[in-house]
Structure formats: structure tokens, C-alpha cells
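There are 4 protein chains.
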Amino acid sequence: MIHVPAQQTSTLSPAWRACVGTGRTREVLHADYRDSLALVQDEIGFGASRAHGIVHDDMGLVQPYTHEGVAGTRYAFSYVDLVIDTWLDAGVAPFLELGFMPEALASGPDTVFWWRGNITPPRDHGEWAALTRALLTHLIDRYGIEQVRTWPIEVWNEPNLTTFWRDADEAAYHRLYATTARAVKEVDSGLQVGGPAISPGSDDWLPRFADFVASVDVPCDFVSKHAYTSGPAQEVPFGVHQTLRPPQDLLDQFASPGRLLAGSPLEGLPVHITEFSSSYRPDNPIHDTAYQAAYLAPVLASGGDHVASFSYWTLCDVFEELGVPTAPLHGGFGLLGHRQLRKPAFHLYSFMARLGEAVLAQGDDHLVTRHPDGRISMLLWQPLDGTAVADAGHRVRLSLPASGPAHVVERHVDAERGNVRAGWQAMGSPLAPDRRAVEDLHDASAPAVHIHRVQPVGGRWEIDVRLGRHGIALVEVTGSADQTPAWSDDTQLLGLGGDAG
Amino acid sequence: MIHVPAQQTSTLSPAWRACVGTGRTREVLHADYRDSLALVQDEIGFGASRAHGIVHDDMGLVQPYTHEGVAGTRYAFSYVDLVIDTWLDAGVAPFLELGFMPEALASGPDTVFWWRGNITPPRDHGEWAALTRALLTHLIDRYGIEQVRTWPIEVWNEPNLTTFWRDADEAAYHRLYATTARAVKEVDSGLQVGGPAISPGSDDWLPRFADFVASVDVPCDFVSKHAYTSGPAQEVPFGVHQTLRPPQDLLDQFASPGRLLAGSPLEGLPVHITEFSSSYRPDNPIHDTAYQAAYLAPVLASGGDHVASFSYWTLCDVFEELGVPTAPLHGGFGLLGHRQLRKPAFHLYSFMARLGEAVLAQGDDHLVTRHPDGRISMLLWQPLDGTAVADAGHRVRLSLPASGPAHVVERHVDAERGNVRAGWQAMGSPLAPDRRAVEDLHDASAPAVHIHRVQPVGGRWEIDVRLGRHGIALVEVTGSADQTPAWSDDTQLLGLGGDAG
Amino acid sequence: MIHVPAQQTSTLSPAWRACVGTGRTREVLHADYRDSLALVQDEIGFGASRAHGIVHDDMGLVQPYTHEGVAGTRYAFSYVDLVIDTWLDAGVAPFLELGFMPEALASGPDTVFWWRGNITPPRDHGEWAALTRALLTHLIDRYGIEQVRTWPIEVWNEPNLTTFWRDADEAAYHRLYATTARAVKEVDSGLQVGGPAISPGSDDWLPRFADFVASVDVPCDFVSKHAYTSGPAQEVPFGVHQTLRPPQDLLDQFASPGRLLAGSPLEGLPVHITEFSSSYRPDNPIHDTAYQAAYLAPVLASGGDHVASFSYWTLCDVFEELGVPTAPLHGGFGLLGHRQLRKPAFHLYSFMARLGEAVLAQGDDHLVTRHPDGRISMLLWQPLDGTAVADAGHRVRLSLPASGPAHVVERHVDAERGNVRAGWQAMGSPLAPDRRAVEDLHDASAPAVHIHRVQPVGGRWEIDVRLGRHGIALVEVTGSADQTPAWSDDTQLLGLGGDAG
Amino acid sequence: MIHVPAQQTSTLSPAWRACVGTGRTREVLHADYRDSLALVQDEIGFGASRAHGIVHDDMGLVQPYTHEGVAGTRYAFSYVDLVIDTWLDAGVAPFLELGFMPEALASGPDTVFWWRGNITPPRDHGEWAALTRALLTHLIDRYGIEQVRTWPIEVWNEPNLTTFWRDADEAAYHRLYATTARAVKEVDSGLQVGGPAISPGSDDWLPRFADFVASVDVPCDFVSKHAYTSGPAQEVPFGVHQTLRPPQDLLDQFASPGRLLAGSPLEGLPVHITEFSSSYRPDNPIHDTAYQAAYLAPVLASGGDHVASFSYWTLCDVFEELGVPTAPLHGGFGLLGHRQLRKPAFHLYSFMARLGEAVLAQGDDHLVTRHPDGRISMLLWQPLDGTAVADAGHRVRLSLPASGPAHVVERHVDAERGNVRAGWQAMGSPLAPDRRAVEDLHDASAPAVHIHRVQPVGGRWEIDVRLGRHGIALVEVTGSADQTPAWSDDTQLLGLGGDAG
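Protein chains in written order, with the working numbering: chain A, 1 to 501; chain B, 1001 to 1501; chain C, 2001 to 2501; chain D, 3001 to 3501.
Mixed in with the good hints there might be a few duds.
[To be verified] Residues from chain A that face chain C, not an exhaustive set, calculated with beta carbons under 10 Å: (1) His67; (2) Glu68; (3) Ala71; (4) Arg74; (5) Pro372; (6) Pro485; (7) Ala486; (8) Trp487; (9) Asp490.
[Stated by the list, open to error] These stretches of chain C come out as covered by chain D in the derived footprint (C-beta under 8 Å, 3 or more residues): (10) 2168 to 2181; (11) 2205 to 2211; (12) 2231 to 2241; (13) 2397 to 2409; (14) 2426 to 2435; (15) 2449 to 2456; (16) 2483 to 2491.
[As the list claims (entries may be wrong)] If you anchor each label on the Cβ, the simulated ranges turn out as follows: (17) Gly374(A) to Ser2189(C): 33 to 43 Å; (18) His3442(D) to Asp2211(C): 40 to 50 Å; (19) Gly45(A) to His3442(D): 25 to 35 Å; (20) His3442(D) to His1442(B): 27 to 37 Å; (21) Pro2372(C) to Ala1353(B): 50 to 60 Å; (22) His3442(D) to Pro64(A): 50 to 60 Å; (23) Glu3357(D) to His1442(B): 30 to 40 Å; (24) Gly3201(D) to Arg149(A): 50 to 60 Å; (25) Arg1435(B) to Glu2103(C): 23 to 33 Å.
Simulated from the structure, these hints should not be mistaken for lab results.
This one's a predicted model, so the numbers in the text were calculated from it and none came from an experiment.
We treat Cβ as the ideally placed atom computed from N, Cα and C, and that holds for glycine.
Isolated chain A (complex conformation) (with noise of 0.2 Å):
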């Protein structure tokens, strides 16, 4: 029995919901993305997105050009304004992440993903420099500087790796850093700018990246990396099958920039994890499962206590960097699956983002909180480790401080109920169902929802709550007087006398 306080003990963070990644800039152009970002917006609400490639070719922003024997380059905002016109419209600020080449400036032929993107560096930084400030100006001059400063600018994506950043060559990032971080206070000082966005593993890149920019004295603004927790893989086709670490595990990396950058000169600057979740790969089975959603939910009630931002990688199934996806579940990085199929892991955000500011209790199956109005809601998981699947359910008893009657809203995710893989399965796993079977996913996606009432007995409100298999569940208790009228008697529905229910 879990004795929860009346008094808040802490405040919870918005780092949670502070950001959520996007595959490609590109991709917020698609119809299936918008319908999917209008969804996550009504019921999760991020502040922010971060998606790869806003220079990248399919961006058209950069168009060379040769008039009466004279080069020249225009720059067409296009698709663009059109990226960011569409998530300001749904409430979604940019967090900028410059990259990848475009062509007409790279240095060699090298490409990541089905999408192409150039990984090389600049051939002239001083053309890098001038795109970097054509695109913030023009940022500047359609959204006005009070919004753009609010926008984070990251240099490029992992450059730690070989894939995503030519050798891995950590000079020739930090150059690149240097000149784009100059570029960008150029155009306004009070832009924010940072880096340098490595993957898990290299955090020994954070100690030199500090030291560079201390040496050469070049602007940063916030420190970023990113934060997975899966193991060795087996690939099959379409797909892969990987261990995963605890969920701890993830908060210790969200937690070592802090602890690693302590007596540097960027210590105490945000830290934001600009990717995070289970598989870093978009074709692992374990994204569209429950068990996805109760293994991270520890994570995202406590992700705050260490950054400013952790971004969930991604916010739907409109991606391509293995190319077009073969099946409405392939293991994509997606909280909402293409036709805006609703998998465990939205459900989870969608809890969270109904909990109150003020957290009474915190543990490791629950995290109880309390709204300005006295309503009490709290987030309840089955503990999973990612070692190993659970035989059973899991059970949560909460004792709550009580303000008279009651009535409880009990919404349950688990291995059988508001589960989109477990419908899917039962279908015979269709790789392109019909439209009536989509409807019946999203039917079968739903949480599972009861209310009953609870009466207090010596000032508490006793909860005994029954997850399922690798449950999750937004439990919201309310206090309401009984206004069922003296007269009212459901044994007389039938005129008659007997309980007509």
C-alpha cells in the first residue's frame, strides 16, 4: 500500500513534452504527418519538434542558377515556410537541426538513409556560413526575431559516426560547428545555438567539444546528445530483434553531460536529448508494443530531473530512412502508426499530459499528482527491465488523501486492451489491411476506460488497481458529492421492483 501525501513533494518537469522528433523536414509535408500532428497535438501538446534534413536537397532550398554567363544561387523558402507555417499552426515550435549537405555545397558523394542525405562537410565553409544566414534571416523576417530566438539551432546529426558524418571526424565537426555558430550570431545574438548531437556511447566527445569551443571562443548555447538503450541486434527481413537495457540506463545517459561537463565552461548550460527511446531502429517490433510503453514510463516520469528536453524518436510512422514502410506495423519509431493507428507509447504520452504540475508520489510503479483544482491523477506501470516479458499483470494500491465521495476514471494499456499490435496480430498480421480493418484497429486501439466510486474511510481513498500484462494506467480520482436524487430507485425501472441496471 503506497500512502500518498497530501502535500506536494515536487513539481513536475516539462521536459517531457518539451520536444518530439520527426523523421525528415520534408516529411511534415505529408498529409498522413499533418493528420498525425493534429492528433499528438489535441491530446499530448509537445512544444517543440526536431526533424533531420531541413537543407537537405528535397528541401529545394538551395537552387544554383547561371543567367548571361553570371552563377548565382536563389534561395526558395518554398517547402520551408510550409514545414514550419504547419507546425506553428498545431502549436509545434522548430528546434532547428542543420544538416545534412546540400549538394551544391558538399565536398564528396557520400549519402545516409533511402533519402540520400550528404553527409559530407562544406567544400566552402563560407557558402555553409552564407546559407546558415540566409535561412535564419529569412526565419527572422517571415516569424519575427521574438519567435526564432526561442528556437534552438543544433549543427547537424551523430556526427560521432561514420554514417551520418564523413570518417567521424570530430575536427572537422568541430570546424563546422564553429562556423555556423558564427554565422548564426551574425544574424541575432540572442539566437540559441548548440551541438553536438552524438549518439550513445561517445560521450567522450562532450569533454573535447567543451574544450574546443572554450578555446576558440565560439558560441554554445545548450549541449545535445542522444540516448537509446538497445543491445546486439538479429536482422530479418524488414526488421530486426535487439536486447534492451534497463530503463535506467537511459536516465543515466540523460544524466552524464551534467556530470561530465561539471568545471567546464559549458556546465550549467540545458542539456537537451534530442533523440531518445528503446531501438534506435526504425524496424524493431518493440516500438508498437505495450511493453514499449510500461518500460518507458519510469523514464518519462522522471526524464525531467536531468534535462530540459527529451525527445521522443518519433512522432509517427511517416519516415523513410529504410524507405517506404511495408506494413501498417513495421517497427517504426512512430507513437501513432501511418492512418494514425494509436500504439501504447501515445497512450503514455496522452496519460502524461493529464496529470497535474504537483507531484505528490513518485515510485517505481507510480507517479501521483495533483491538479490546481484538487483532482488527483496518477500515472501506474508494470516495472520491466527490457530483459525480460512479464507472465503477469501487475497490482498498485494506493491510499490517497481523501475530500469526501468520489468517483475514480480508470483508463488501462496493457498486452491486451488499447493494443494495435495484439488487434493487428489477430487479423493475421495484413500488410495492407482494408479500410474496415483500420477502423476496427482504432476501435481496438482505445484505452480501456471504468469509473466507479470510492468513499473515504478515515480521511483516505483506498485504490487497488489491477494493470494488465505490461500494463499502464491513467487513474484520475475526483471528488464528487452524490447528487443522486431521495427519490431515485433503479429497482423500479421496470415499474416494478428488481435491480434494471
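Knowing the structure of chain A, use the given hints to seat chains B, C and D on it.
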């Protein structure tokens, strides 16, 4: 075990959704009504709607004036047009009920309902005929003759009750009918007119109505009456409890005009049940229960055997015969409560709307149909007789003709599940729930959905469905190959074996 | 030539859109009202709305009953909540007008309007106080005290007229005011209460009202009155023609409370003009004309100099004081006709809504403003005095401070352009236009738009605007570089020279 | 004076809106495309759409893999289904164009366009046939055979050009056609297949195509080709200027297959013009002008005399053959620009969509039609021959058969009115207009609307329409009684006489 044959045994008549009731014509102008209409049409798709009071004074149709000493009447169609446009935009045709009497034409001051419909005969039949002609001429001008010819025109409402027609004067009704029917046909002989729109218990009016129209050679294109099964009432504030007769009684009421008019001049005319439900009171909580849904299920399944239409009274709780409703659930007639709260009866209709046309089997607790694409959809219910509540649920076992592996989608509504009233009572029956509570009730009123696979055994699928107490279910069986690839293995989800679910 | 300075001369008061009138509280429930509200808020954005009859019987608020021989009253908030939710969803706060008298509380049978608002004092002031407290307590429970404290509470409507208050009994009004104000403050001392909501021509009530509240120490947070300029009327069926006084007369009416209450205990309180227009009749065609827009333009431009709000009476033609309107344009008060037909006065407000806060110049035919981004927006109008129509249009020439090349967007509404009434009359003034005609009227009521370039001359832009007869215009000047590329040449459109346009 | 007879002279063929072009299949997934599609369908209502690249790699349809050493291909319909669902939801059927070659099936590396469609023949015709069968089998499974039989299937695009088909190898095309047509008919003999989809100027392919299909007995259900009238080009950065031939040239191109195939085995087959416009370049500003609309008006009016469909290339400017467009108006093919800016050609189509079926008169500058309800709707235009621009507008005078008093609704689009490009140029041709500017352009691109009355004289209405330069107009004449009441008098608007307008 119900053995369902592979051959179609009959065709499901569309009579069950040919029409739905609307309390009062003017109520169609309410935003909450329009929202409910949209939801109902999206999930059910009624063909028409019938409402009281199209010429009642609150429609403003008859507007007398005097100019330079000469009296005139302006027929003002502002609201009539808005009402009919609203219906047609939603795919619903008007089932025109002519009444009540505009004050300017009335022979007396007697009224019915909180909204004071005048129940007296016209002071001058010529004025009434002129109004009838003006209305129909206008409708034809605006909507076209082809369309208006499909809109039945019913003369008055329940003239056999003193509440609705002064002194329940049968001869006066006959005279009104004659005047109206002739005026209708004067406008266009292809228009359909009928009556006598009587309430239950007065079927003796029917033969006399037949005699009358024959004797004076008045046109009559259809016969109409109402059907309810409620008995003696106990009144409480803002409510009533009544006994109910078995649902078969409703079917008997449907069947009686055919029987009574056999051999009469009206033999063979379409019969429209222009109102039906369990109780005729807009404040009987039975309407809000799962009991209502299970109780009416066999009526929806079989009603079309007897009549051309039977019109649920009513579409939603925007309904003011007793005044403004005082609670979100108040025993109103509607399929939907205010703010589109879905009652179990709504789900009954939405389940019916997903059945196929080809009936394979039908019985006390089941209606099994097939769609052109081979999918089997069935409505199941717990048999209830209106005189006693159930202690437990009900089990239905079926053996169906199979065509390979399949999946089954079950949707359940019962005393616990998909039950807005149970949720509302758990909240303490709030008279004015806040928005959050209304949202919770919306979520709690969704049917429970479960999907599972079924394999054919001996060319048959065996389905075992457990209905909850007072339960109904929509069960759909769709042939579906198993497309799970050979390499898929959920025990590898964590990269290490063990079912990760 | 109007020489507009570069320096801001004053700030545009938000009083012009602080509030807008709604005929009757219940009318907010109409779908057509809600559609109009959405359009009005999208283009204008009023801060609040005031309506008659929140406690009138058609709201169903007061519902007496008897149980086991004991009488009680249930306060039913079903409709009150729907109304206020509708407003708040549209970004409009309630400006609460308490009235008319529920029949159960009334001291007599006298009513006003087609919808029969009871105009008699309460038979028991305790009951009225209880109702007041119950209503406000409920609103605070539902919407929160912070919000309700911003909703002014006005006691009754035009008690100085026998039409609205039995015998126009001033002492009885003072007593009602005292009862109400004290009940309000009992609920929460931070709520704002005021009166006396008088009609034009009775400003002598104001000093006596001030004396009364001071003499018995009753709270008063604001003073309210109405303003109209219409004079003697000629009645015709479904209409009226009236003389008008000059628009300055409206501004004088706005100013008089400040003057009359100087030195009184109510000195310095906010003054709310809770209704204003040209005519106080809902059947005067002037409301539908371009004349109305040009006539009221100077009032909107300057009204905020005198009062905290002045509330256009009314938002739309869903309005039934004289019964159901008999034609789409019938001289109704609304900015919008039924089906959202935009009248010239709507455009006047939508033009006002696009002005900047910084006023650069203001005069008999112009209000010139600047936005923070430098854009200049101005409202221009033909001066009209209400006593004569114009034979021709009006020309306005302005010299504006320039900042490089610019483009000018002109939007015009006048006797010919953007004029729904002119279009409707050309159609033969149809009482019930069909849908196609309504669509044509929608198109015909759009302002005429024209865009042209202007080059600075001597640091100034010279703008020469030709207003049509009874015209208003929104003219916006935006600095815009010419980005036409050097190689662009429209004479080459057909590949051969010659301007292809 | 054009004398229009009362008798119908012909029926307007639906060919003009049977189909519209979409640049690339994948572009249907763009949100901006979907928004444009919705607007186009709302105002025009095309029957089908044809797009390049349904099997291009960016659709992800063909996904090879290897499992346990064995190679396989997964056909992934995720995007194909999303595209077709999007079209069908909008009421548009697919006009399937099979191409370009998936890389996995290609015989070489040659590509066309910025988006790199592979233009080489299949390396193995068996693989191509298998893909064709897989695609069509899936479409039939998902959408039903009845529906898919109505979707024409066209083999490849412009094989007569080396740009689109390696070496423009005619024999290789014939072989591809034969393989494809046979694969199509293997799936279902009721499917419709055709070709050769040639560009203008190569009609000599047609007789040889006829000979080929006859000689080897390959099925062919229709013949297709393209039609453009642009000539020599001058290139400038991001644009081109080209001469045009007269519009009659387009009609001649439409007519030629019928003439050339007379007597051949393909005689009498439906001819589909699967692309047409003035210029075949997506960067010719002519597409954005009023000139384009007036120039094409006679083609829309008469095209149906020659062919079963002629498909405007394209619906909107979501189109990337040359890369990402660099400006809102960039000479793109679309009826709509990005963000749904309506070009004059859009209005031409929306005007056509309001014509009746019964043609009363047709000529060089007019197409006069009547609706079943008697309303007369006509399209008028200034005759333009593509070789010279006009100095002034054009006047059309008509004498129409009258039926009482009427009103005339005129809608005009010309060099000044309803002209988005004129507005944009007045703004300085901004490459990236801000949102306010886009709103202003939306307003400025609405046709000018004017309504006036006309009285019959000698049983005729005389209409005198003044078209602006490069103008088109929709003029509708509707019989309408004058319902203005006798007592109405606008000179009394101010209560004192004088026309208040």
C-alpha cells in the same frame, strides 16, 4: 449451438432505419441537434425524420398583417427551409407531419406541451387548405417535385387522444384529413398523404378511417400509427417508472393494421409506425439503459416483416415536451443525450447499420447476416421480456459456414460496458457535469472491442460469445489469411527469447 | 490631402470590440447563431457578448417540483452551460444581463416580445436573491472564480421603459438592483455588478441611480446604458422607416454618463454602452445597408474615447423579438443575416479588426493606424449625417510617411460593391431564396479587392482612394521590395514580345 | 447580337472534366495536394486523375529481400493504398499510368526528372508482368472488381521521346505494351488497357501501334496521346517563354487519332488526351495568366466533340519535375498554386462546372447552356489566338429566350479581376510571401461578381456583357419574380424620402 446455414434465408428489410423521430420541427435548428444528427447519420444513416409542429407558431410560417386597412397573410419559410436544408444536408428526408394549428387559424386556445402546440381544428378549413397548398407548393419550388413526392405527408398526430386533438373528435379528424388530403393532391397528384397517426390502444380507429376515406373518396397513400409497450406509471419528480410488456407486443402492434385493414379499401397500403419505443414518456430512465437496447433488439430484427417503416422516437434528447431537461441523463427518448452522449440504444442502431442484407439465420437472441464480400456480421442480444431484469449475462454459441482462417471482431454493450448511464451514476449522477466529466462519459460509452482469430474446423467456424448482463453485441467474422512472415517470432522481441507480448 | 505624421498620436481603444449583442440567451443554442458566431470571431474577435433572458423560462433554469408533499426548486443548468460553453469555445466571455423574471418568481403576468419575457418584479426578493446566488455559484464551480470575476453582471434591461419593467417603476428597479448586487457580492466580493441599463432619453435616471446606491451603500462596479439615433417612425408591414440623427449624437450619448456622474459617488466607474446602433427597431432596413456602415464608421473610430465598451446590437439576425423573420434581409439588427450573409456593417467591423493599435491620424473620413511591423492600415469612409443620402462617392487623398517601395491593398464596400442587399434586391427581393441564390449572395457580399504598387516620392507615399457611394474602405500599405528578377519580361509571355498581361 | 434559340442544339459532353493530371503519384500524399484536391473537387468535380510513377521507387511498391539465402520480393502497398484512398475520398477515380521502371526491375540506370524516374525497359518482362498482375490483383481485392474495371490502365508515358523511354525505341515500347496488356487481361478480362501515350508531333506512331496490336493480337481498349501548343522557347533562370499556336491547333490534335485510325483495327476506340495545356513546360508563366483561361475556353467548350476525355495538366503546382518550385507563382502547370491560390484557369474550369447540359448556342466567344430548371448559364470569353495579346476587352451581346423578369449574375476574371498573378506582381513578385500576403492574394483572386435585373422585351432578354482584357465570364440568367412588396420604398430609408441606396 446455433447451426447457421451457408444459404441466405431472407433479406433484411430497410424498414428499421427508414425513419427516426425528432421531437419538434423547430428543434432541428438547435446546434446540439445538428451535432447529434451528424453523428447519427455517420454511424446509422436514417432515411427520413418526422417531427411535430412544422406549422406550429414557433416556426413563424403563418404571419398575418394589415396594410392600408387590408388584411393579408405572409407565409414565411425562413425556418422551414433551414430545417429541411439541415435534414437534407445530412441525408435525411422529411417525413412531414402536418400540425399543430397556427394560432391565426385555430378555433380555440387549447394547447399541448411546454411549447404550447395548439390542438384545435381550424376555424376555417379553407384557410387550412390554403396553408397546406402554400407549404407544399413552396417545397416543390425549392426542392423539386421528384424529391417532394418521396416525402410522406401525415395528417396530424394522435387525434385519438384529447391531449393532442380537442375532444379526440374522430369526425373532426376525418374532416381535417379530407381537407388536407385533397389540398395535397390539388398541388400534385403524385404526393403521398396518409393518417391517422393514432396512439396505441385505439386500433378501432383504423377500420373507421378506412370506411371514411372510401365513403367520401378521399385519397390515402399510407396508414400510420404509433407503438409503445409501457404500462402503469409511478411518478417521481422529473421522472417516471413504468411497467413494460414484452417486445413481442410491439411487433403485434406493428402487425395489427395489416390484419385490421385486410379486405378494406386500404388493404395493402404501406404501414408506417411513425413513433415507437418502450415507454411513451420522455422522462423514463429506461430509455437510457442497456435494458432498452437488448429489449428492442428483436424488434429491430423483425419489425420490417410487418411494416414499411418504424421510427424510433427519438433521435436525441433535444426535446422539450415537458420543458428543458434537467440532467444529462433524464430518461429522454433520444438515442443520444445532449452533447452527443451515446446511449446503449444508439449502439443497437449502429450495430444494425453494420449488418449485411443477406440474412442467414434469425432467432430469439441472434440475427446473422452476410455481406456481398462474404463477411458475416451478426447482432446478438440477451432476451428480455420487459417484466424482469437479468441476474447474469447470456451466452450464444454459433457454428458458421467457414472459408479458411478468419478473425472475429466483437463489440459489446451491456450493464457495465459501453454504458454511459453506469458511468454517470458512478460519478454521482451529476445534474451539470463539467466538461471533463462529459469527456470521460464519452470515452466510457464506447463499446468494448476485442479481436481474435478463429480457425475452421470441419468447414465450420465455432463462435462462443459471452454477452454481459442486458447485453447486445455486434460480432463480425472476416476471412483473413495469416500474413505473418515465417521469420516473425515474438519471443525474440527482447532479442533473447521469451514471449514479449 | 491629409498629411499623416510618422509619429503615433494616440492608441486605438479596444472598446469597439469589447462586446457585441445577442438577442436572447437561448438563441445562442441555434445552429445558425453558432455558425455566425464562428465567422464573426474569425474575422472580428469580440471579447464578450450580452444577451437578454438568461433566467427567462425558455432557459429552464428554475424548475419547481413537489415530492411527498414538499415543494422544492431544482436549478437546471443544462442550457445555461451549453450557452456559455458555446461562447467560451468561440473566445467570447458572457456579459451577464440578469432578467427577465422566471414565471415561478414573478409578481404578475406582463410580458414583452414574441417570446414573452416576464417584466414584473419578483414576488419575493429572497427568491430572486437565491436564484442569483445559485446561478453565480454554479458558474464559479464550473468555470472558475478567476474567469467569472471578469464577466460583468448587469441588472435587468431598460427598466425606464414600461415595455421592459412594469410601470417603469424606478423605485422598484432600485430595490431589485440592491437585492441583486448584494446577492452577487455575497457569492464573491470580486464579482462586478452594475446598472441601470437604461434606454436613450432617460439619462436623468443616472444621477438618481448614483444617489440611491450611495444612500443605501449598495455595491456598483460599472454604469450601463444604451444608445440609438433613430427618430419618428413610419410603420409598414414587416418593417419600419425612421429618421436618424447624426452619428455625433451617438458619441454624445456615450459621453453623457461621464458628464452626468462627475462629482457623484459613481464618478470614474467604467461606462458600458450595452446596446447601440442607428435604429432600435429589428425591422428597419437601414441595418442592412452600406449607409449603416459608413454612418457608424466614425462612431467605431472614436467611441472608445468615452466608454469602456459599446456593444453593437446585434451579432446576427437570429433574433425573435418580433417573431420569426420573414425574409433573409428584413432590417434585422445583425452584422450577419441568416445563413451568415455578411452585411456592410459586418465588413466595417472586420475592417476595424485589421487596424493597428498605433493611431497616426484621425478625422472626419479616416482613421490611420500602424502595426508593429510598420504596415499602415486605415479605415476610410464617406461622411454621412443620417439626414440625407449621398449622390456620389467620396475621395480621400493621403500623404503617408514612406519606407521604400510598397503595395497597397484596397478593400471596398459601398452601395454597389460588397453589398448583399443590392444583390438581393436585384434578385427581386426573394423572401425565400434558394440555395444557389444564397451562394450568389455570399459571393456578391465579398468586398471588392484591388492591389497596386506605390513608390515613395520625397519620402512620402501619396494615396488617392475613391470611395463608392455610402462607401467604406480598408486600405493597407505594406513596404515590399520588388523581387521581380532582372530577366523577367511580361512582353515575352507569348515568346514574341507584346504585353501579355 | 447573338440570337440564342429556345431549343437545345446539342448536349455538353462531360469529356472536359473526365480527368485531370497529377504530376507524380507520390505527390498525392502531400498535404498541400490534398487541400487542393478538396477545393478542386468542391468547385469542379473531376471524374479521374492520372499521375506518373505509380510503380516508381518512391512509392516503395517493389521491395526485394533475402531470407536464409533465398531472395524474394515483397510488394508493399502502403503508399499506393494511401494515394488511391485519397483520390476516392475526393470522388476521383485513378486513371492508372504504369511507369516508371522500379530500379530492381530496370535494364539500365537512365532516369528522367529531378525525382529520377527510371526510363529503361524491364530487364525481364516476366518480372514486369508479375508486378502488373500483383498491383491489379491487390487493387481488385481492396476496391472491388466493379470499380477497378472503370479505371483505364495506360502503358507508360511518351515513349516516343528519348527523355521518357530509352532511345524512344518503338519496338521496345510495343513489346512492353504487349507484355503489360496481356498481364492486365490475365488478371481480369474486363479491365481496360491502352496506349501509346505519345507526346505531340508523333502521330505517325498511332497507325503503327494499331498495326502492331492487330498483328500480334494484343488487347487494346483505348488510344491515348498528349496535346500542347507551345513552340520555340527562350530560357531564363527558373522559367521559359514560348510561342503558342492558336487554340484550334489543340482541337486538331484531339481530332487526329480518330482520323488516323479510321479503317484501322483500333477504329472507334475511345481516345483519351491524357495531358494537354498550352505549354508543356512547368515553368512557363503563361499558365498563371488570364490569357491561359481565355485561350483555352474554346478548347473546353468543344474538346468533347473529338475525344472521350482531355486531361488538364495539372491539378495543382505540387509538382517537382524540375525540382522544388521557387516562388508561389512560377509558371507551374497547376489550376491552383501552392496554398490553393486560384489561377484564372481554375476559374475557367469552375465556370464550366456551372453550365447546364443542354447547349443552346456555341460560337467563337460563347457557350450558352440551359439547366433543367430553366436557368441559362453561359461561358463567355475573349477570343485569343496565342500569337498576340489584346489591347482591350471584348463585348458580347446576346438575345435570349425569356420567361418573365429575371436576374443576371455575372462573374468575371481577366487581366485585372480575379487575377492572382496581377496581385502578386503588384506586391513585387515576392518569392516567399508571408501569410498576410497569401490571404490578400486569396481575396484578390476571387472573381468579380455583379447581380442585376433584366426585363423581357418582346419575349427576349437582351444581355450586354463587357469582358475585361483577356477576360472570361460566367453569366447566369435566372427567372425571378419581383417579390418586393408594394409598400417598400427605399427613398424612405431615412424616414424622409431620397434614395438611400
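Quick rundown of the hints versus the structure:
{"no.": "1", "hint": "His67", "in the structure": "holds (6 Å)"}
{"no.": "2", "hint": "Glu68", "in the structure": "holds (8 Å)"}
{"no.": "3", "hint": "Ala71", "in the structure": "violated (14 Å)"}
{"no.": "4", "hint": "Arg74", "in the structure": "holds (9 Å)"}
{"no.": "5", "hint": "Pro372", "in the structure": "holds (9 Å)"}
{"no.": "6", "hint": "Pro485", "in the structure": "holds (8 Å)"}
{"no.": "7", "hint": "Ala486", "in the structure": "holds (7 Å)"}
{"no.": "8", "hint": "Trp487", "in the structure": "holds (6 Å)"}
{"no.": "9", "hint": "Asp490", "in the structure": "violated (18 Å)"}
{"no.": "10", "hint": "2168 to 2181", "in the structure": "violated (count 0)"}
{"no.": "11", "hint": "2205 to 2211", "in the structure": "violated (count 0)"}
{"no.": "12", "hint": "2231 to 2241", "in the structure": "holds (count 9)"}
{"no.": "13", "hint": "2397 to 2409", "in the structure": "holds (count 3)"}
{"no.": "14", "hint": "2426 to 2435", "in the structure": "holds (count 6)"}
{"no.": "15", "hint": "2449 to 2456", "in the structure": "holds (count 5)"}
{"no.": "16", "hint": "2483 to 2491", "in the structure": "holds (count 7)"}
{"no.": "17", "hint": "Gly374(A) to Ser2189(C): 33 to 43 Å", "in the structure": "violated (23 Å)"}
{"no.": "18", "hint": "His3442(D) to Asp2211(C): 40 to 50 Å", "in the structure": "violated (57 Å)"}
{"no.": "19", "hint": "Gly45(A) to His3442(D): 25 to 35 Å", "in the structure": "holds (29 Å)"}
{"no.": "20", "hint": "His3442(D) to His1442(B): 27 to 37 Å", "in the structure": "holds (36 Å)"}
{"no.": "21", "hint": "Pro2372(C) to Ala1353(B): 50 to 60 Å", "in the structure": "holds (54 Å)"}
{"no.": "22", "hint": "His3442(D) to Pro64(A): 50 to 60 Å", "in the structure": "violated (32 Å)"}
{"no.": "23", "hint": "Glu3357(D) to His1442(B): 30 to 40 Å", "in the structure": "violated (46 Å)"}
{"no.": "24", "hint": "Gly3201(D) to Arg149(A): 50 to 60 Å", "in the structure": "holds (57 Å)"}
{"no.": "25", "hint": "Arg1435(B) to Glu2103(C): 23 to 33 Å", "in the structure": "holds (31 Å)"}
Consistency note: the structure conflicts with the earlier hints numbered 3, 9, 10, 11, 17, 18, 22 and 23.
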